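These protein sequence lines are chains S and R, in that order. Numbering-wise (the numbering used here), the first sequence opens with residue 27 and increments by one. Numbering-wise (the numbering used here), the second sequence opens with residue 113 and increments by one.
Each hint can be trusted.
Beyond 12 Å from chain R on every Cβ pair, some chain S residues (computed):
| hint | residue |
| --- | --- |
| 1 | A166 |
| 2 | R252 |
| 3 | R253 |
| 4 | T282 |
Covered by chain S, per the in silico footprint, the following chain R stretches (three or more residues, Cβ under 8 Å):
| hint | stretch |
| --- | --- |
| 5 | 296-308 |
| 6 | 312-325 |
Some, not all, of what chain S presents toward chain R, calculated at C-beta under 7 Å:
| hint | residue |
| --- | --- |
| 7 | E338 |
| 8 | E339 |
| 9 | G342 |
| 10 | A345 |
| 11 | E376 |
| 12 | P478 |
| 13 | E481 |
Treat the hints as calculated values from the structure; they're not laboratory data. Treat the numbers as computed from the prediction; the structure is a model and nothing was measured. No residue lacks a Cβ here, since even glycine has one placed at the ideal position from N, Cα and C.
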Amino acid sequence: MIALVVVALTTLATRMLGLAWLADADVVLAYLVAITIVAVRFGIGPAILAAAASVALFDWFFIPPFYTFTVESSRHLVTFAMMFVVGIFVSGVATRLQRHEADAVERERRTHALLALTRATAAAGDADEVATSLATHARAAFEREADVVLGDAPPPTSPPAAGDLVVPLISQSRAEGTLVLRQPTGAPPEPLAPHERELADAFARQAATALERLRLADDARATALRRRTEELRAALLSAVSHDLRTPLATITGGATTLLQDDAPPSEADRRLLLEAIAAQAFHLERLVTSLLDMTRVEGGVLTLRREWIPVEELIGSAAAATRALLAPRQVRTDIAADLPMLHVDPALFEQVVVNLLENAARHTPPSAAVTVAASVGSDGLVLAVSDDGPGLPADIDVFEKFVRGPGSRAGGLGLGLAICRGIVEAHGGRIVADRAARGARFVITLPVPPPPPTEAA
Amino acid sequence: MTAPVVLIIEDEAQVRLFLRTALSAAGYRVVEAERGAEAATLARSHNPALVLLDLGLPDADGITVTRALREWSTSPILVISARGREEDKIQALDAGADDYLTKPFGTGELLARIRSALRRSVLSGSANTTVVEVEGVRIDMERRVVTRDGIEVHLKPTEYNLLALLAKNAGKVMTYGQILKEVWGPGAVTHTHYVRVQMAELRKKLECDPAQPAFLITEAGVGYRLRA
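Construct the complete structure from the given sequences, taking the supplied hints into account.
Right, here's the structure in full:
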């Protein structure tokens, strides 16, 4: 319709400009311009229509005899034919150019969309993030609702309806998930255009690659962790077998010596052997206890039975439990007034203080002074156990399992501080070794929760 | 004077051997039971002065045995528990056991606990103890007066009730549950921090070093005991 209007307008314009000075050739060119405009604006179909109309109108208005379709000269027939053919040709070229331009724009849009998705998936830290950004970018790119289901057996949130496009996310090794592009609700079913389909496939490939990358990275991490666990287990076995056998050797040896009928030991030796057996049995019990504690802390089965407990009581019962071991060292307590109550597992937290005090007993001379101090700092409650002994060995992480101070004569398993760290961290706190201190000094920081409900007074 | 009878209820022969040897050497007469069922009969026929009860029996849990004994006997019951089984221990104490020992323990500690439990049961049987004195602190339960080094200490009612409960049961472990029920009433038995707060106040008023108490003793995870 518009094509005809344009041609009519052209006719009118050329007619008005007058037969006076325009040659036939100029009129033909004017029609060709009109056809080209129609072709560029409305495509090839209207352009053909415009070409046909141009020929007709040209004949009617400009070719004698005027106002008839009768043609006087055969020369004009050739003009008509050439005008038609050139019109078609020009409009063909014009529409093709236009399509190329549209393609270029579309290609750029796709490249941009894909690039944005690539950036987002590369930054994703886990599979869920990849799924979320795939859905977000697909929604923007296709202007449709998009769901992403991870895993190779897709149970979409709602099953795909007719007109939905289901694109599997296939990586090199397996199906990573599914992208579902929903048919716009309310609109008549309209399949995606081929280039949109291609883009959807490109999206799927990109997401699948990202998912595979994450999965492989996870696998690698798991392998590394497994290897580290194996190493630790080996270290555990060697440490445990050595440390457990030493006291067992004393006990077995001592007891069998005492049982010897043919060569009974002297009364004084009997006494010494019995003392050694008792001491080593006690020591063995400590080792087994700390191993069990470590297993609990490590096994992730540490369930905290938190109760409200005043700091004094916790420190007091830990000090009482280690009094015999620490003697003749005195434990000085330095507890600030009006401290908030702790909300901790009393048995486990007492174990932390006990372990720290045992360490002090183990690594300091009998003349050493041991202090337990509690105060409130900026990060919460601060509990410090310090002594004025030889201090901590440099260059080793004393909180690591099976790490013992050089020349440690006590024969512990090197688990005490690892247990402390496990328990403190399970409570949301921190424990550090203060290496600036003169002797050994361990500082525990615990968050202070809002106080418990008090009894109605 | 005849030697006091101690009934040992323990399923492990090695542990029974150790207990029997230690107790016989210390002058007690020992009766042994391997199972809970057997223990009930032996307890009735021998009327022991003290019962040593292992909580890991195969045929009955120690709590049931404790309850059954408490129905007719006031003899002290000392429970023996493995480490890490604090629940069992507390339940047995709540059911009426007097004290506990955690395996492994030495003979010295065993004998000390037995002596203290027997002494307590003789005292509570002979006269109503109305005055307890420990570390310079005098608790007069008849007049409701507490003095420290001769000077009267003012205690709030709850503090006094807590102290008096521990003093009446001097030497015996009182669980949080028992204390809460006696001092605060049956509705408060889960609020262990009530007890802890009052105990902190008591220690500030009565102990020289509240962080290292000399007689208001914490039984970690279980409750408190007034050392007598």
